[in-house]
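Enquirer: Residue numbers (the working numbering), protein chains in the order written: chain A, 1 to 308; chain B, 1 to 316.
Among these hints, one or two may not hold up.
Which stretches of chain A does chain B cover? Using the computed rule of at least three CB atoms under 8 Å from a CB of chain B, they are [unchecked claim]:
(1) 53 to 66
(2) 134 to 141
(3) 293 to 299
Source of the hints: derived by calculation from the structure; they are not laboratory data. The beta carbon of each residue, even a glycine, is placed where N, CA and C say it ideally should be.
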Amino acid sequence: MPSQRGSARRRQRCVLLAGIAILLIALVLAAVLASVLTGSKEEANPEPLRWQGRGTTRNLREIVLGRCYSYLAEGHAELRDKDCLKIWESLKAAFVHKNPCNATTEDYRPLMELTSHPVPCNESLFWSRTYDLVHLYSKCNHHFLTLEDTFLGYMLDGLSWCGDPSAPGINYESCPKWSECERSSGSVFWKMASKMFAEAACGVVHVMLNGSIEAGAFRTSSVFGSVEIFNLNPDKVSEIRIWLMNDIGGPQSDSCSGYSIKKLRNILEERNFKITCEDNYRPVQLLQCVHNPDHPDCNLCISSTEAP
Amino acid sequence: MMKSLFLSFLLGSNLFVNNFSEVQGRKWKGEGTTPNLESITIGRCYDYIRVVNPAVGEKNCSELWEAFRNAFINKDPCNILPQHFELFFKLSLHAIPTDKSLFWENNQLLVNSFSNRARRYMALGDTLFGFFGDFLNWCGQENSTGLDYESCPTAAECENNAVDAFWRMASMTYAQHSSGVIHVLLNGSAEGGAYPVKGFFADYEIPHLQRDKISQIDIWVVDDIEGPNTDSCGHNTVQILEDRLKTLGYSVTCTDNYKPVMFLLCLDNPDHSKCTLSSSAPAAQRGPISSDRGGSWNKLMFVSFVGFLFRSVLVY
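Excised from the complex, chain B in its bound form (with noise of 0.2 Å):
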């Protein structure tokens, strides 16, 4: 029994010490940096000059890497900020379009879509210091010039974590650079309400928005399509929201289910009752090369035929 007993106690410590190296092996909670990330954004940053936004000009793709990566190398990952970006965003900046700057809380791929790269709305992820870094992943190592390819700190580790430290200085730019007619889409089904009152927008972007530079502030709430209607212009956080631009100086104006983005959810949902076109007819029928139009047109022809011929009978 002793002899088991000190086999038992053999393989219990034999198993934690193996799960404690193991854990000792990741340093962070989170996921690490994203595999050639560097050949990855030095891609996307000339993709963007050259393909998806000519217009901004010429710009040095590496030297905007190595100003991004001078950010947060050779430093504690977890006291990495905002400022220390301020040589990319100054490399990266271009002008905004005016009218075109969408801000966004609780839809980013509902955004995506809708922005249509830049060529619609500008969002933040259409410009090219926001297309650089999207859906990305960054850190750092302390006394060391490599990134970490193992884990990186997730927010709730580190305040102040690399990509987060991005995110706001990139948040903080293109709100400072916007202007004209600004448009704000908010999710009407989120937990919590449409408009986080601690977030980046509430936090980093309506303090950097120019009111010189801005006529107007378009707040759309749209609730998913078999979403709850949790907010909604005029209640809640919106309300929140409205009083707050309002008290800031700006001219606001609020729309619930802005039609255009209920089109773009109607499309996984099309037979829902919220996404009834009213002009629509009775749903084409899917046939053997036959559709209502085609098909309302032979009948059309095989009567006046059949009447032709008939009328011809009794003629002779």
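This is chain A alone, in the form it adopts within the complex (with noise of 0.2 Å):
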């Protein structure tokens, strides 16, 4: 009967028309949540801020652990009672959470204090901008110990690390370069070691620079002149010998009379320092020979004979 027919259609009209309508509050509800859920990981996670350089090194703690106890597996007796697991905790603490842009010697100086051990007299190598060949030499002649032979530059050498305000704390990312800011997590840390370095100099000291650089083979804005020669200590460092090596078919761009070692010259003798200064130096130059072996200035006076 036609008003049974039109009833049930619009019933039929209204379970529909209430479907859709469950429908769109069940798709905005939604929506509703997922952007309330996605805001608040976001809270919880927010990215970490965007450097220049490169980021903390992964497997950070392992690295440092192993290197630790590898270098007191060596067997020096002055480095007996370290305890490495202290040691990582205390890099840690200087900077995970933390503002890489604002590091402060406070920062690390417990773990600077885990680490320090004195170093022999007439041992003490300083370096700049020679990186490759003074650990190429310090590592063929183990009467010379750079910075980076030390029980705390070894294990830290090469490494990259900076923290973050937001969680987890380190960041993996990127890290600022020491050109970004003034205080950044790794210049603070290597300039505060670099000082603590030169405290302990005693003795005769030797230092390595570069003489095919065209600033100059010595800077003061590097950390060998705006931080170690002014904490060398005159009554206990005798004398200070440089090593001015030029690349082996590079620019002669420098030398010993060259007015950037003048310069050094007077910062030095203004503080009672004996100075002497020495062009490629032998033994060091050989070294640069053994990656040049056919340049007309590594012939050596014995030649090799071939067999066929």
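Fit chain to chain and form the complex, with the hints in mind.
Expert: The structure is reproduced here in structure tokens:
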């Protein structure tokens, strides 16, 4: 009968409309929930700050601990009581959760105290712009120690680390370059370590400088020129010997009689140090020749013979 | 007198018992496992893949440690075979760049300096698996999952000890994956000859070189600066090596006192006659910031100035 069919259709329409309304409400609720959840997630894990340098080295803990135990296994008597786990914790405490542009020496003081050890006299070897060569040399000649051959330097050489105010507190994506902020984690650490290394030096100390740099072998802006020379103790250090190395086949931009060395001499003599300088110190030059054997500057008087 | 005899007997037997129990405490004659071995090796593994040679890619360093450890724990420390380390080497394997393999005998420290941490050459100690175990010591115990930190068997006590088993497998693996030009650095001053006919190179490396992947073998025989010239190319043990390799079908060259390595040896003896550079100027004077170069330039300026003054006076 027509009225019954009409009401049935009306009912169907109502059900359909109700269904659509419920679906719409459900969709809106879902969207609201989603935005609320992601909003809170973002709050819990905001993006770390962005910098221009490479991020914290992954597995920093394992690497630092491994190097620590490895160094101790070499049997240095003066390091017998060192606790590697404690050392790691003090490094962590120095930078985790902190803004990496606001590092202070106080952050690193516990770490410095836990890792300090005396350096034998006449063995301290400083350097500026000669990283590869000076470390090749100290590796071959165990009478010399660069900062990176000391316990603390060895543990952290070549590694990168910085914190971030947001969780988890370590920035693995990027870290500030030294030029980005005055007090970056890295620069504060290395300057402090360099200061202590200089303070500990005694007897005859050596420094390897690069005579192939156009800007000059000695720069007041380098760590050597701004930190180390001012923390050498004239009462403990009897002489400073400079080795001015030119790259084999490289430009001879500077030498012992050059302007930058005169500047260095003035600064040091004012502090009552005795200074000597040698261009292309022979043993180090021999080391350069290992990697440039065919250069005319590297002709040995005894030539090698080749058998077929 | 009886009393004193009795006392001496007591004292003597006491000493004997003490010594005996001391010997009993140390099972073997060699040094024990390196303390904190697990931390050191896992640290080295990450150091290698993150810093030393990131080109190697991702490795699971804990898994590597487990595979390494399982090779020798809970077993008779006198019966560890290279095959026990198979899983470890499978997990730690990576490509060795062609032309960069450097084999050696009797000159490990020299090789380490020369290879420059895989930058110049990649010796076994510069691979992940070599870097992992270099200069460390380890051994296990039967019926215990612990490492023995007290003592470990020497090679004389057990030929099949854990450390030698590891290095045998390492040598085989390294040789198998070497390609291109192969280099061999031998010590021409070594007692018994530069090429040990029984040694890692002879017994585990040469037999596992892959002939179809190798273009040439370059042998370098370098004497200690002040050492005797026990061996050299075309003589004694080096001749034996050259013949063996040629018989196996390799193209072989041999060089005495290979120059780059000589320079390294000269570091400790820069004034030795073997170390004189034919182009070197007379030794730079060590003095208050003056070098030969600077001195002669200053002299020239002074002479020119005096000459100028003199001329001016004359003209005037």
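Enquirer: For each hint, tell me whether it holds in the structure or not.
Expert: Now the hints, each set against the structure:
{"no.": "1", "hint": "53 to 66", "in the structure": "holds (count 8)"}
{"no.": "2", "hint": "134 to 141", "in the structure": "holds (count 5)"}
{"no.": "3", "hint": "293 to 299", "in the structure": "holds (count 5)"}
The structure fails none of the hints (numbered hints given earlier).
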